[in-house]
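Chemist: Under our numbering, the final residue of the sequence shown carries the number 619; numbering is consecutive throughout.
A few of these clues could be false.
Here are the simulated lysine-lysine pairs, DSS-like style, with alpha carbons at most 30 Å apart [said to hold, decoys possible]:
| id | residue 1 | residue 2 |
| --- | --- | --- |
| 1 | Lys554 | Lys601 |
| 2 | Lys401 | Lys296 |
| 3 | Lys330 | Lys265 |
| 4 | Lys281 | Lys396 |
| 5 | Lys296 | Lys318 |
| 6 | Lys396 | Lys330 |
If you're looking for bench data, these hints aren't it; they were derived computationally from the structure.
Source: prediction; values computed, not measured.
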Amino acid sequence: MKISIVAVIITMVLFAMAENGKAQTSLPDVIHAFRIHNKINVDGNLSEPAWQKAVHISNFTQRELNEGKPAAESTEVAILYDLKNLYIGVWCFDPNPDKLVAEKMKRDFDFGTEDNFKIVIDSYHDKRNGYLLITNPNGARFDALIQDNGQHMNTAWNGVWTVKTKVTNQGWFAEFQIPFSTLKFSTAKKQLWGINFERDIRRKREQDLWQGWSRNSDLEQVARAGTLAGIEGVNNVTLVELKPYGIAGFEKETGKKNAGLAHAGGDLNYLITPTMKLNLTMNTDFAQVESDRMKVNLTRFSLFFPEKREFFLEGRNYFNFGLGDIRAFYTRRIGLSSKGSKIPILAGVRLLGKTGNTTLGGMSIQTQKKDSIPTTNYTILRWKQDMLKQSSIGIIGVGKIEPHRQN
Numbered sequence: 213m214k215i216s217i218v219a220v221i222i223t224m225v226l227f228a229m230a231e232n233g234k235a236q237t238s239l240p241d242v243i244h245a246f247r248i249h250n251k252i253n254v255d256g257n258l259s260e261p262a263w264q265k266a267v268h269i270s271n272f273t274q275r276e277l278n279e280g281k282p283a284a285e286s287t288e289v290a291i292l293y294d295l296k297n298l299y300i301g302v303w304c305f306d307p308n309p310d311k312l313v314a315e316k317m318k319r320d321f322d323f324g325t326e327d328n329f330k331i332v333i334d335s336y337h338d339k340r341n342g343y344l345l346i347t348n349p350n351g352a353r354f355d356a357l358i359q360d361n362g363q364h365m366n367t368a369w370n371g372v373w374t375v376k377t378k379v380t381n382q383g384w385f386a387e388f389q390i391p392f393s394t395l396k397f398s399t400a401k402k403q404l405w406g407i408n409f410e411r412d413i414r415r416k417r418e419q420d421l422w423q424g425w426s427r428n429s430d431l432e433q434v435a436r437a438g439t440l441a442g443i444e445g446v447n448n449v450t451l452v453e454l455k456p457y458g459i460a461g462f463e464k465e466t467g468k469k470n471a472g473l474a475h476a477g478g479d480l481n482y483l484i485t486p487t488m489k490l491n492l493t494m495n496t497d498f499a500q501v502e503s504d505r506m507k508v509n510l511t512r513f514s515l516f517f518p519e520k521r522e523f524f525l526e527g528r529n530y531f532n533f534g535l536g537d538i539r540a541f542y543t544r545r546i547g548l549s550s551k552g553s554k555i556p557i558l559a560g561v562r563l564l565g566k567t568g569n570t571t572l573g574g575m576s577i578q579t580q581k582k583d584s585i586p587t588t589n590y591t592i593l594r595w596k597q598d599m600l601k602q603s604s605i606g607i608i609g610v611g612k613i614e615p616h617r618q619n
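Could you put the whole structure together from the sequences, leaning on the hints where they help?
Modeler: Structural data, given as structure tokens:
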């Protein structure tokens, strides 16, 4: 048996947040969620009485063009919740709605060229990690996971949430519905989260933020977010989720007997705690994954292709480390040959989560023998400990185990 230990790397990251002389807190810096007991219609109208009863915040400050000045156009936000969902209502008032810049409709749109509204949620309230949700007047969606106070972003993540928008002669309005099952948060009866908002008005090149509005700050720096209070008695627990699949068919070749085809497998997700998740996969099926674009490589270096398989996308941010785009573990080497052909995955297990100030990640995948490629095990382990306000120390280990090749 051949055992290859690819890398064991210890990292310590210290983030010093430089502050300029200007205050970045705009009062009030707390928004209170309003509890509802009746179902609301998420349609972008924001017409239910509950939206009028909820406390609205409107103290947005310019980052661009005039840093520190009040927003040129009024923006209001209110938050509702029930036992299953968080609802965020947004009023983007504009006296010239015909001049809104909004063309895109697809998921993960290029929001930088359009009017848009951004939300950052730090549901664990560790001032390090969070969720980024963005929409435009057309109701297009973009989302990402934030790690290490904005140092890393997982834009491949596609969370479960909806948004509806509406444009009127008063401006444009958005209504977000975010299931609590999409977010990870503590088991405390009374929740206290970090939250922040940004509105971009494209034609004016204006960026308005609720908190952390200075030019040396980004919305993704969750440490500078405001506070969401008032959520009580909710949880995100879906203890067990099973995703089975099966494929059946037959092959017919002239002069030969018909051959039956059958393939079955599935994924099992088990929530050990609200912040610790175990995933098991058997005979993993990637038939619905988008194909790579064809590229011609005239260099001596391997081409980099983005990961598109859901099993490897979920929790990818747990295995980031250090600064920049260093990758100790490239998942595209699992289940795919160097030429891009599929190598069956027999089974895999993954554990991801956070407890207190400790983040844990582990994954082990076993691939099947195919042609001259032997059965192989890939394993990665990650441990990170938060320290001080924005510092952390961690270790990552990557291993590859394969038997001797049979000729």
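Chemist: Would you mind marking each hint as holding or not holding in the structure?
Modeler: Evaluated hints:
At roughly 44 Å between alpha-carbon atoms, Lys554 and Lys601 are farther apart than 30 Å, so this suggested pair is violated. Taking the CA atoms of Lys401 and Lys296, the gap is about 15 Å. The hint holds against a cut of 30 Å. A threshold of 30 Å between alpha carbons decides the hint, and for Lys330 with Lys265 the separation of about 23 Å falls inside it, so the pair holds. Taking the CA atoms of Lys281 and Lys396, the gap is about 35 Å. The hint is violated against a cut of 30 Å.
For the hint linking Lys296 to Lys318, the alpha-carbon distance of about 26 Å falls within 30 Å, and the restraint holds. Of the pairs offered as hints, the one joining Lys396 and Lys330 holds, with about 19 Å between alpha carbons and a cut-off of 30 Å not exceeded.
The structure does not agree with the numbered hints 1 and 4 stated previously, though it agrees with the rest.
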